[in-house]
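**Student:** Under my numbering, the first residue of the sequence shown is numbered 848, with each subsequent residue one higher.
Keep in mind that the hints are not guaranteed to be accurate.
[Unchecked claim] In silico PhoX-like links for lysine-lysine, alpha-carbon gap of 20 Å or less:
hint, residue 1, residue 2
1, 1081, 1026
2, 1216, 1554
3, 1096, 1108
4, 1257, 1216
5, 1314, 1267
6, 1257, 1267
If you are wondering where the hints come from, they were derived from the structure by calculation, not from laboratory data.
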Amino acid sequence: MKVPTTFNEMLLFNASVMGFGSNTWMNIILSQFDDMVRNVANSSRLQEECDVVSLVLAKYRGPINLPDFKAVTLASLRSLLPEDWDSSHEIAWGWLWENIEGLLSSMIGKPRQQEHALGNFFRYMEEQDSLRLTQQLFPVFFELAPAGQDFFQQSATRMHFISGRILTMTLDMYAAPRKMVEEISGIGLRHVGYAIPVEMFPPFVSAAVGLLQELTTNELAIEAFRWSLALISKILVRAITEGSTLVMKAINTNQKLMLEKAMEVCSRGQRANELLSITVGTQSISPFYWAIDSGATVCAVAMLEDLLTIRADRDVYYFGYDTLFTRHPEVIQRLCATAPTLMPTLLDGLVWRSRQTREGSRRVNYYVKHLIQDLEGNFSQNLEWLVAHGDPKIIRHPTVVMFADLLWYKLASYKFVLSKLYFLVIMVIFVTSQAIIPSHTGAEQTQEELIVMFTFRMMNYLGMMCKLMFSTIRKTCSDCASGNLNRSFCIPIPNFLFSAQDAANFCLMWLLIISCAQEPFILCLIFGQTGPNGFPLTTTCQGAEEFMGTYSITSFLAMMIYWALLLDLAIFSMRISAYVLVCGRMLGEVALFLCALTCIILAFSTSVSALYNEYPSIEGFYVWADVLFQMALEIYPEENYLDIAARSVFVFVPIAVFVFVVSIMLMNLLIAQLTQSYHDAYSNMQGYARLNRAAITANTLHALSRKRWSGFLAGLAMDQPLEFNEGDAS
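Can you make the complete structure from the sequences, with help from the hints?
**Tutor:** Written as structure tokens, this is what we have:
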């Protein structure tokens, strides 16, 4: 049998021994007893705790004899403290219980009657009376306390909602007291951020009770409403009082100086807790998050700087980094979503740089443990949140570069290469069978070449086409089952097709399907035709000739997509990857140039074609459009220019103007556009390249085995102290 070692265990044990084991109401008092004892010197708080206990006791169906609890507690204390317990303790305990028992006895039986009376009043209250209560509550309150108007600058609809919720809470306090205490404590903590004086609550209670008295003469209902609303007010006042720390007051002013003065009174070991947590009962709020949500960015920046400042106290170092990520593991996500301007401050604080130089360098420490792993030791989502944020400047911060490259080179790059190795093999097979082995000079292929071509093409169809088909079906079913569809084009399209790589794979799949259906080897086998030497494998049979044009086009397009998909390998070099992205960005400028060129060609071709009497040898604007296009590309013969000038000056002048506009103005404008766009885009392209690599890293690490991840963390040894300068370890 286990010997009781705590007060709660001993009390339950003695209750069973003394025959009170079935009196479960003792557990109700016991759960609140610690708060009662701690606040015995505070009569208001003791009254509040006893009121809450009385509401919970009202739910108990059965007799309640409070002296029994006193006998059990005395027996428990004597058993736990046989050597220390004496008469002075007996007297003190007796005085404490007399106070608690008196407060509880005065309320036994009342909450049930009050709940019934108040519930009936609200249930049978007419709609116009209900509207009057909600609409007149705040106007009456503002008459009693005019200063309250400064703290309720909200719409009438919002204030009516608050009034209705307060009235509902008075009845909910009887129905679910413990739940309401937690909810009210949370509301009180939020009111700390609003800087509402506690002096506003008594007039508010008086206003609400006065309005109710005008609607009913039922004294029991009025008393029930008054008592419940007063208890709610007490809990709110206590929560606001306990939560109104110097830090919260400084946040309300959004002044860095006041925050610094508030932190001066905190010890080094408590600074982080003061900035990250305020607790009232079981409810807590974060001053740091409150500063962000309320727009106090000056204080939020100062709080981050204070948290991430390393302070020394003899041999002990204080750094709020661990406390910050333990209290707020999702701080990266929160800052990216609501306060991205704070991200540089946070990331700068995770770097320590020595003031001393040695051989032209200085020591730098990066504190990235919580950026790499979460509190359970799993892969952290911080990298995914940074990718989702999509800021090319943040992703290039030295701290992010350091931990992202660490994950890439140590873990993700190997897995990525393995995932691309299969694609590379299939691509080599496809290129060999379509571009290297086939003879394009009309020479007859050898039997060995035909066998290799046939084998490689079948391997391509089975290895790539079937794989893409299965992948497309799986992703389509997954998107349809989850409702992940895009209806922008009037028909539901699975969202995975809006990814560039998946869209390319989808096109490649259909091109391979078409190529397979028109494969010359297969068609010749189906028609039973053989080659010149009677060999069964051939591509030149009569049945396949009519499909060769379509087959060659689909093979060409498939080859282009294979090479385009190979661009993923550019992420191994940030410089190459950035260059590829810049090239993609330049396509927009080239498209504008082509649009302008098309418009100019149409304008001049239609204009010059109207001069057909001057130059009848070229008739029709479409013919002139072809001529002007050749001129724009500078492939139009020089002697033709001389012929136009000799035959008609009226035609040569607009042609000369066209050449001037296209060759001098439009081409130079294109060069200027590309130069400026490259200059503007290249710095950001480095960031976008890193975003691409980070996205691949995050996706790859999700499939990493637990054993390899654990080995990676063990190799980093992030729990070991880092040395600041020589012989100085943190």
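**Student:** Each of the hints needs a verdict: does it hold here or not?
**Tutor:** Consistency of the hints with the structure:
| no. | hint | in the structure |
| --- | --- | --- |
| 1 | 1081 / 1026 | holds, 16 Å |
| 2 | 1216 / 1554 | holds, 18 Å |
| 3 | 1096 / 1108 | holds, 11 Å |
| 4 | 1257 / 1216 | holds, 15 Å |
| 5 | 1314 / 1267 | holds, 14 Å |
| 6 | 1257 / 1267 | holds, 17 Å |
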